[in-house]
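Participant: This is what each chain is made of:
2 protein chains.
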Amino acid sequence: MSRPRTPEPALDVQGDSPKGMRDEDNDDGTQHSHRMLNFSDALLSIIATVMILPVTHTEISPEQQFDKNIQKLLATRIAVYLMTFLIVTVAWAAHTRLFQVVAKTDDTLALLNLACMMTITFLPFTFSLMVTFPEVALGILLFCVCVITIGAVQVLIVLYAFHFPHLLNPQIARSAHRALYRRHVLYIVLRGPALCFAAAGFSLFFYPASYLLMATVIFLPYIHKAASWCRRRLMGPREPPAHSVEVFSFDLQEPLSKERVEAFSDGVYAIVATLLILDICENNVPDAKDVAERFHGSLVAALSASGPRFLAYFGSFATVGLLWFAHHSLFLHVRKATQSMGLLNTLSLAFVGGLPLAYQQTSALARRPRDELESVRVSCAIIFFASVFQLAMWTAALLHGPDTLQPSARFGGGEHAFMLAKLALYPCASLLAFACTCFLSRFSVAIFHLTQVAVPFAFLLLRLLVRLALRLLRALPSLAGPAPDAQDAAARAPLLPAPC
Amino acid sequence: MSRPRTPEPALDVQGDSPKGMRDEDNDDGTQHSHRMLNFSDALLSIIATVMILPVTHTEISPEQQFDKNIQKLLATRIAVYLMTFLIVTVAWAAHTRLFQVVAKTDDTLALLNLACMMTITFLPFTFSLMVTFPEVALGILLFCVCVITIGAVQVLIVLYAFHFPHLLNPQIARSAHRALYRRHVLYIVLRGPALCFAAAGFSLFFYPASYLLMATVIFLPYIHKAASWCRRRLMGPREPPAHSVEVFSFDLQEPLSKERVEAFSDGVYAIVATLLILDICENNVPDAKDVAERFHGSLVAALSASGPRFLAYFGSFATVGLLWFAHHSLFLHVRKATQSMGLLNTLSLAFVGGLPLAYQQTSALARRPRDELESVRVSCAIIFFASVFQLAMWTAALLHGPDTLQPSARFGGGEHAFMLAKLALYPCASLLAFACTCFLSRFSVAIFHLTQVAVPFAFLLLRLLVRLALRLLRALPSLAGPAPDAQDAAARAPLLPAPC
Chain A
150 MSRPRTPEPA
160 LDVQGDSPKG
170 MRDEDNDDGT
180 QHSHRMLNFS
190 DALLSIIATV
200 MILPVTHTEI
210 SPEQQFDKNI
220 QKLLATRIAV
230 YLMTFLIVTV
240 AWAAHTRLFQ
250 VVAKTDDTLA
260 LLNLACMMTI
270 TFLPFTFSLM
280 VTFPEVALGI
290 LLFCVCVITI
300 GAVQVLIVLY
310 AFHFPHLLNP
320 QIARSAHRAL
330 YRRHVLYIVL
340 RGPALCFAAA
350 GFSLFFYPAS
360 YLLMATVIFL
370 PYIHKAASWC
380 RRRLMGPREP
390 PAHSVEVFSF
400 DLQEPLSKER
410 VEAFSDGVYA
420 IVATLLILDI
430 CENNVPDAKD
440 VAERFHGSLV
450 AALSASGPRF
460 LAYFGSFATV
470 GLLWFAHHSL
480 FLHVRKATQS
490 MGLLNTLSLA
500 FVGGLPLAYQ
510 QTSALARRPR
520 DELESVRVSC
530 AIIFFASVFQ
540 LAMWTAALLH
550 GPDTLQPSAR
560 FGGGEHAFML
570 AKLALYPCAS
580 LLAFACTCFL
590 SRFSVAIFHL
600 TQVAVPFAFL
610 LLRLLVRLAL
620 RLLRALPSLA
630 GPAPDAQDAA
640 ARAPLLPAPC
Chain B
150 MSRPRTPEPA
160 LDVQGDSPKG
170 MRDEDNDDGT
180 QHSHRMLNFS
190 DALLSIIATV
200 MILPVTHTEI
210 SPEQQFDKNI
220 QKLLATRIAV
230 YLMTFLIVTV
240 AWAAHTRLFQ
250 VVAKTDDTLA
260 LLNLACMMTI
270 TFLPFTFSLM
280 VTFPEVALGI
290 LLFCVCVITI
300 GAVQVLIVLY
310 AFHFPHLLNP
320 QIARSAHRAL
330 YRRHVLYIVL
340 RGPALCFAAA
350 GFSLFFYPAS
360 YLLMATVIFL
370 PYIHKAASWC
380 RRRLMGPREP
390 PAHSVEVFSF
400 DLQEPLSKER
410 VEAFSDGVYA
420 IVATLLILDI
430 CENNVPDAKD
440 VAERFHGSLV
450 AALSASGPRF
460 LAYFGSFATV
470 GLLWFAHHSL
480 FLHVRKATQS
490 MGLLNTLSLA
500 FVGGLPLAYQ
510 QTSALARRPR
520 DELESVRVSC
530 AIIFFASVFQ
540 LAMWTAALLH
550 GPDTLQPSAR
560 FGGGEHAFML
570 AKLALYPCAS
580 LLAFACTCFL
590 SRFSVAIFHL
600 TQVAVPFAFL
610 LLRLLVRLAL
620 RLLRALPSLA
630 GPAPDAQDAA
640 ARAPLLPAPC
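Residue numbers (this note's numbering), protein chains in the order written: chain A, 150 to 649; chain B, 150 to 649.
In short, the hints are calculated from the structure, not lab data.
Fair warning: this is a prediction, and the values are worked out from it, not measured in the lab.
A couple of the hints might just be wrong.
Which copy? The list can't say, so a pair holds if one copy fits it or any two copies do.
[Unchecked claim] Listed below are the simulated DSBU-like cross-link pairs for lysine-lysine, each with C-alpha atoms no more than 30 angstroms apart in a straight line:
1. Lys485 x Lys438
2. Lys438 x Lys221
3. Lys438 x Lys407
4. Lys438 x Lys217
5. Lys485 x Lys407
6. Lys485 x Lys221
7. Lys217 x Lys374
8. Lys407 x Lys374
9. Lys485 x Lys374
10. Lys374 x Lys221
11. Lys485 x Lys217
12. Lys221 x Lys407
13. Lys407 x Lys217
14. Lys374 x Lys438
Whenever a hint applies, use it, and build me the whole structure from the sequences.
Facilitator: Below, the structure is given as structure tokens:
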């Protein structure tokens, strides 16, 4: 629980820490905000991901043709999922930034935060309305009301925190320019709601303009960044005015809190892993009457009829688990999450959230040979994109220089090659499976399941292979002179524990 | 992310901490296990709670009578939910204890932990089978196979960690009795699987014995505790042998890690809060054709037809959010979570997990006046039990003495009265609502919604009321001599910030 939230390490000590520290904490009525932030992260990651359930619940019976109606329903639900994911991650990033300014909480702030969360969880419903009735203004209006409410609650949080400065980040609390900070934070918090107010106005007579404005709200941080990049390019790096440096350390260019990126990602992976078994429990427990009639009372026969589902379940869980493992390994080497890494992480997570769809596709549609090939390919594509964005995140971290990565994972570092192998495994495996389905289209489902089962073993073998390569490289130099990787190997050597 | 897991505070520094510390960490190939534990907590809390979804998804159309079949299906699903919740919390507690021994992880341990999680998420399915076919041995067999697999993976984890002692809790790693520790931990890990092995044997010829053995697995910690309590009573407190003191510090009597109790509870609250909106998005977006035909194209009319649902949504979210708030306030004052507090917390969370059912009942069944009263009463009961177990947890903490609570929340402490008021609000409100439905049974739904909406305001007023009472008490003593609460008030006075 004790996330480092304030710059003073002394304040981070919690739990079994010296009692005086903790009690002092309680005595001025404030609390560290770790747990509130943990709860918010869990809530936001679940709400971002759970909208995939209506997509997977779309009923397509084996006899029924894949007709227009169902296509439209499916497209609608996928759109709702993607929009929800996008807006919730934007809201989460704003929440992260806000609570980098407000370092501590008390009861009032906790209640205000709950009100904020309640409004955010209502957003998916407004999307459902918008997508189902794109030409009716009500959906847009409701969305705008929600965003304005969130803005109002956040303004209250900011005003309250600046009224009791001991709640603020100590750097700001001690600053002489506190009023300036407040104005700046309020400006950032109010930008979105102001645009939404305009969108609500437009929705009454010209709704396409509202959609445009709403898109602006979502992409505002990136537009802002692109604009400032262009300005720097055109006018050269300006020397900012003296106080502005301080102010802009809480602006959108600031790296996101690494801990909260991890917490949010954990939530997404956890809920995706769990949705799989929910489906199985709800739909794959055979009916007692059915067992007696069709399978002559043999439960084993009834279960083996839906055997592929269980295989798919274990395969999917392994996929989600190992993608989490790759993410976990990556973030062990990451020091700061820059904005571009945050964007790539969001994209990766959006595809991870689509994995239950991959599972659904390969298990439910597998019986219809016409769609079999397509569904396997969709699944491969989902896994490919989820993993390739992780690889891209690592590449972005490498490009950003020494601030973002631990030395051991940088070029020439001890863990560099191993990290690359870990992150490249899933993109390669899913590409390979995709390619195989082109040549061996009859066995596509078998190929897909085989891939899902084989990759975990590949992860284990990876470690052995790297070790073998090291042994070879350590033996070689005396024969063939210093090999290009020898330095690397030497650096990696002390990392390896003795083989069991 | 940086939960204090090892006793050395120096090792807990993470993220922006001095670089040397962090790199050293990576250099021996180990990692702090915070994030892995966070992920496990999220996964386990979601899997424990998500099985309420099949219960709420049980279709009861307004015309249909509440017949035998549906009653049986509903009872089955509720049983699966409760059994899943129980076994997952037991597995979570075992996981917590195991990772109090194993303080650090590396890649192998992370992969083994994933395998363990995969097996645990499969448990709900075995329950579904058991409850649907209670007389077929297959369900029991599958359950036992799962438990034995989990045991085997945990044995691997223990053996691996004891083979590389730098992964262990430093206290054990430095101990001279390491082999003794290993034997003891293996004994604890293998107890459950051994019983399950026997249960699997019995299931082939006399299945009631298997159920008895399975129940033993679940209640083992409590049986063990009761037995040792009886022994102490009968034989007096024995002086334990010299090395045994050390060994038993990792036994089941040890308090649970407070951080992990919080993380698990947060996961449960977050998923419950999210399940509500999922239902709304899936079932309450009106159909385009329906709107055109029944409501003459008016979306507002169509939405207001399901207006009570939205009211119920906001009411339920407020209930979940405020129960989380009470839990959060409580754990701010808690130092250690003893075993009895852990049990009470589990019971409270099991009822919190039932809240989506309360929501479902009051919104879907509300149109059938015959069941209306019953469903409101069920909802009141769920809320009452969820909140009264929180109150009981606090009482248990008070009884356990100075180890479990911060001084400010103990008898006579500054926050004592306020804490009591916070925790007693929901039990009182739900009891009051229940009593009202007895006298005014016609307005039961209105009363219930009113309560849900009124309590948040009561939480806000509570603070004002306590402040008013303090003002009065501060003014009184000079007139009436020292009132019994005056000392209390004086202690509380410096806590209060100046009123805005």
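Participant: Can you tell me if Lys485 and Lys221 fall within 30 angstroms by alpha carbon in one copy, between copies, both or neither?
Facilitator: neither (42 angstroms within a copy, 54 angstroms between copies)
Participant: Have a look at Lys485 and Lys438 and pick one of within, between, both or neither, based on CA distance no larger than 30 angstroms.
Facilitator: For Lys485 and Lys438, the Cα distance exceeds 30 angstroms both inside one copy (58 angstroms) and across copies (51 angstroms).
Participant: From the Cα coordinates, with 30 angstroms as the cut-off, is the pair Lys485 and Lys407 best called within, between, both, or neither?
Facilitator: both (6 angstroms within a copy, 28 angstroms between copies)
Participant: Taking 30 angstroms as the upper bound on the Cα-Cα distance, should Lys438 and Lys217 be classified as within, between, both, or neither?
Facilitator: Result: close only across copies, 15 angstroms inter versus 35 angstroms intra.
Participant: When no copy is specified for Lys217 and Lys374, does a C-alpha distance of 30 angstroms or less occur within a copy, between copies, both, or neither?
Facilitator: Neither: 41 angstroms inside a copy, 62 angstroms across copies.
Participant: For the identical chains here, do Lys485 and Lys217 meet the 30 angstroms Cα criterion within one copy, between copies, both, or neither?
Facilitator: neither (47 angstroms within a copy, 59 angstroms between copies)
Participant: If the cutoff is 30 angstroms on CA atoms, where do Lys374 and Lys221 land: within, between, both or neither? Let me know, please.
Facilitator: Answer is neither: 36 angstroms inside a copy and 59 angstroms across each miss the 30 angstroms cutoff.
Participant: Could you place Lys438 and Lys221 in one of the four classes (within, between, both, neither) given a Cα distance threshold of 30 angstroms?
Facilitator: between (35 angstroms within a copy, 14 angstroms between copies)
Participant: What label fits Lys221 with Lys407 when the C-alpha limit is 30 angstroms: within, between, both, or neither?
Facilitator: neither (39 angstroms within a copy, 48 angstroms between copies)
Participant: Is it within, between, both, or neither for Lys485 and Lys374, if the alpha carbons may be no more than 30 angstroms apart?
Facilitator: Within. Shortest intra-copy distance 18 angstroms satisfies the 30 angstroms Cα cut-off; inter-copy 46 angstroms does not.
Participant: Quick one: Lys438 to Lys407, C-alpha cut-off 30 angstroms, is that within a copy, between copies, both, or neither?
Facilitator: neither (53 angstroms within a copy, 47 angstroms between copies)
Participant: Please work out whether the CA atoms of Lys407 and Lys374 approach to 30 angstroms or closer within one copy, between two copies, in both situations, or in neither?
Facilitator: within (20 angstroms within a copy, 41 angstroms between copies)
Of the hints listed earlier, those the structure fails to meet are numbers 1, 3, 6, 7, 10, 11, 12, 13, 14, in rising order.
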